Amino acid sequence: MMAAHDTPEVAPLFRLQFEPVQDAWVLLYPEGMVKLNTPAAEILRRCDGQRSVAAIVEELEVTFSRRGLADDVRTFLDQARGRGWLRAEA
Amino acid sequence: MATDVRPPFWLLVELTYRCPLHCVFCSNPIDYARHGEEVDTATWKRVLGEARALGAVQLGFSGGEPLLRDDLEELVAHAHGLGFYTNLITSGVGLTAARAQSLKQAGLDHVQLSFQDSTRELNDFITSTRTFDLKSRVAAIIKEAGYPMVLNCVMHRFNLPHVGRIVDMAERMGADYLELANTQYYGWAWHNRAALMPTALELRDAEALVVAHRERLAAGGSPMKVLWVSPDYADARAKPCMAGWGAVFLVVAPDGVALPCHSARMLPGLDFPNLRETSVRAAWYDSDAFNRYRGTAWMNDTCGTCDDRDKDHAGCRCQSFLVAGDAAATDPVCRKSPHRDRIDAMLEAAGAPRDDAAPLRFVPGAATAGALVFRGEAASLALSAAPVPCNPDPTPS
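Protein chains in written order, with the numbering used here: chain C, 1 to 90; chain L, 1001 to 1397.
These are computed hints drawn from the structure, not numbers from a lab. Hints may be right or wrong, so weigh each one.
In silico EDC-like pairs for lysine to aspartate or glutamate, Cα to Cα no more than 20 Å straight-line [stated by the list, open to error]:
1. K1045/L x E1074/L
2. K1104/L x E31/C
3. K1225/L x E1215/L
4. K1239/L x D1326/L
5. K1239/L x D1344/L
6. K1239/L x D1301/L
7. K1225/L x D78/C
8. K1143/L x D1168/L
9. K35/C x E9/C
10. K1143/L x E31/C
11. K1104/L x D1070/L
12. K1336/L x D1235/L
13. K1239/L x D1341/L
14. K1225/L x E31/C
15. K1239/L x E31/C
16. K1239/L x D1310/L
17. K1104/L x D1124/L
18. K35/C x D1004/L
Covered by chain C, according to a simulated footprint, are these stretches of chain L (three or more residues, beta-carbon under 8 Å) [to be verified]:
19. 1054 to 1061
20. 1100 to 1114
21. 1326 to 1337
Pulled from the structure, derived: some chain C residues nowhere near chain L, Cβ distances all over 10 Å [as the list claims (entries may be wrong)]:
22. R45
23. R46
24. R66
25. V73
Treat the numbers as computed from the prediction; the structure is a model and nothing was measured. The beta carbon of each residue, even a glycine, is placed where N, CA and C say it ideally should be.
Construct all of the structure, not just a fragment, from the sequences and the given hints.
In structure tokens:
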């Protein structure tokens, strides 16, 4: 489980970019592509190796005027790391 | 134009059919030496731009050996500027440290390097070159330059017993992915099918070993992923070939002909557009050739009423043509195909007693003894003098 002070970033094997034709953010990797839904994209876009998990949660709660996002965000971050999309450092 | 057609997300440009290797399973067309001149740099750039505008996002530079094009860096830089994720699919021959760096600066994202075996002897035999040591050095160059690296190894009767050592080799080289690509029988592999085909048992044994290695890698926290491309003859399941005809994948041959896959050009009765004269949009959305096997309306009753029709898209048109003589037939690997017996006959032939007293030895004349034809210009011209073989007779001589 990622800790609140971890600073996740997109792993070097992957590239996150917005695709106008698909009107979606996608994650690109060797010979493959994952089309991201809006919540996934909003979280991954903030994984820059600078922001902590706590900061990402706070920013999302402010941006989307919603409280209590921490569990959902951390569940997603753990899944993303499990798939190799993210690496996390404290 | 069909309204539900998605863009060609995956663009594979075969920049040249020239290649320093002579692999017996090459997927290039048998008659490649008779094809027209290579597309020039300006035309390639236009094609890349048009495809990107339609939504293409993955771009593979392939061939032949794409490093033989001296405009490769220019094309990579152009593609990178357009926002493509760029993949170089290479034999490694010509990938010096300097070139790896210049391609990196141009924006190349990833390198897929082919290996043919974990042993120098078989690697060099199957390619008819001395490239094993060179490829080993190139693997190190790729990693030093900081690229993600996929190692691709085409699997067949001769190297399946080495599968464990191939996994070890890939691990030592620091590969991010290892693709164990069981031979798909098209092009030169189709011509050499009798010599290359393993038995179902050999495939099962190799797959079990791959599964064990995968578990070992995962337990040890290794980042390397191992893909096992389904040997569809033995697995008896139609593959969702190219994720469907004209669904996501667009191949452009060295002379500019747009194709839905590497080998569709041999199918009779289809007039594939050439992107020298046709826009990518018109070729992809409007051409008869790209629309011919889209969706499910073209399917016969067996496929059109099958629960799997939206998953496997009725398999592979080229395989149906090669084995059943009709591109619209049910993929012959499928148990529902009336031609499945032809696949079974080929697998059974692979199980015929082998002459263990005269194993494949890597000496002059071994290819002839092993009934193998190496890919090359002279062989291409000789073999394509006659029409492309479609095969009512499943057991080749």
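Cross-check of the supplied hints:
1. For the suggested pair K1045/L and E1074/L, the alpha carbons sit about 9 Å apart, so the restraint of at most 20 Å is met.
2. Restraint check: the Cα-Cα separation between K1104/L and E31/C comes to about 17 Å, which is no more than 20 Å; the hinted pair holds.
3. About 10 Å separates the Cα atoms of K1225/L and E1215/L, which keeps this hinted pair within 20 Å; it holds.
4. For a cut-off of 20 Å, the pair hint linking K1239/L to D1326/L stands: about 17 Å separates their Cα positions.
5. In summary, the hint linking K1239/L to D1344/L is supported, as the alpha carbons are separated by about 17 Å, within the 20 Å threshold.
6. Note on K1239/L and D1301/L: the hinted pairing holds, with a Cα-Cα distance of about 19 Å set against a maximum of 20 Å.
7. For the given pair, K1225/L sits about 19 Å from D78/C by alpha-carbon distance, which is consistent with the 20 Å threshold.
8. Straight-line distance between C-alpha atoms of K1143/L and D1168/L comes to about 17 Å, which keeps the hinted pair within the 20 Å bound.
9. Restraint check for K35/C and E9/C: the C-alpha separation of about 18 Å stays at or below 20 Å, so the hint holds.
10. At roughly 18 Å between alpha-carbon atoms, K1143/L and E31/C fall within 20 Å of each other, so this suggested pair holds.
11. A C-alpha spacing of about 15 Å is found between K1104/L and D1070/L, which places the hinted pair at or below 20 Å, so the restraint holds.
12. Our distance criterion of 20 Å between C-alpha atoms is met by K1336/L and D1235/L, whose separation comes to about 13 Å.
13. A threshold of 20 Å between alpha carbons decides the hint, and for K1239/L with D1341/L the separation of about 18 Å falls inside it, so the pair holds.
14. A C-alpha spacing of about 14 Å is found between K1225/L and E31/C, which places the hinted pair at or below 20 Å, so the restraint holds.
15. Pair hint K1239/L plus E31/C holds up; C-alpha atoms about 18 Å apart against a cutoff of 20 Å.
16. Among the hinted pairs, K1239/L with D1310/L is consistent with the structure: their alpha-carbon atoms are about 12 Å apart, no more than 20 Å.
17. The straight-line distance between the Cα atoms of K1104/L and D1124/L is roughly 28 Å, outside the 20 Å bound, and the hint therefore fails.
18. Proximity of K35/C to D1004/L is assessed by CA-CA distance (about 18 Å); at most 20 Å being required, the pair is judged to hold.
19. Check result for the stretch 1054 to 1061 of chain L against chain C: holds, 5 residues qualifying (beta carbon to beta carbon below 8 Å, three or more required).
20. With 3 residues having a Cβ less than 8 Å from any Cβ of chain C, the stretch 1100 to 1114 of chain L passes the three-residue criterion, so the hint holds.
21. Counting residues of the stretch 1326 to 1337 of chain L whose CB lies closer than 8 Å to any CB of chain C gives 0, which falls below the minimum of 3, so the coverage claim is violated.
22. Non-interface status of R45/C relative to chain L is upheld: no Cβ of that chain comes within 10 Å, the nearest being about 16 Å off.
23. For R46/C, the shortest C-beta to C-beta distance to chain L comes to about 21 Å, beyond the 10 Å cut-off, and the non-interface label holds.
24. For R66/C, the shortest C-beta to C-beta distance to chain L comes to about 31 Å, beyond the 10 Å cut-off, and the non-interface label holds.
25. For V73/C, the condition that its CB be more than 10 Å from all CB atoms of chain L holds, with the nearest at approximately 24 Å.
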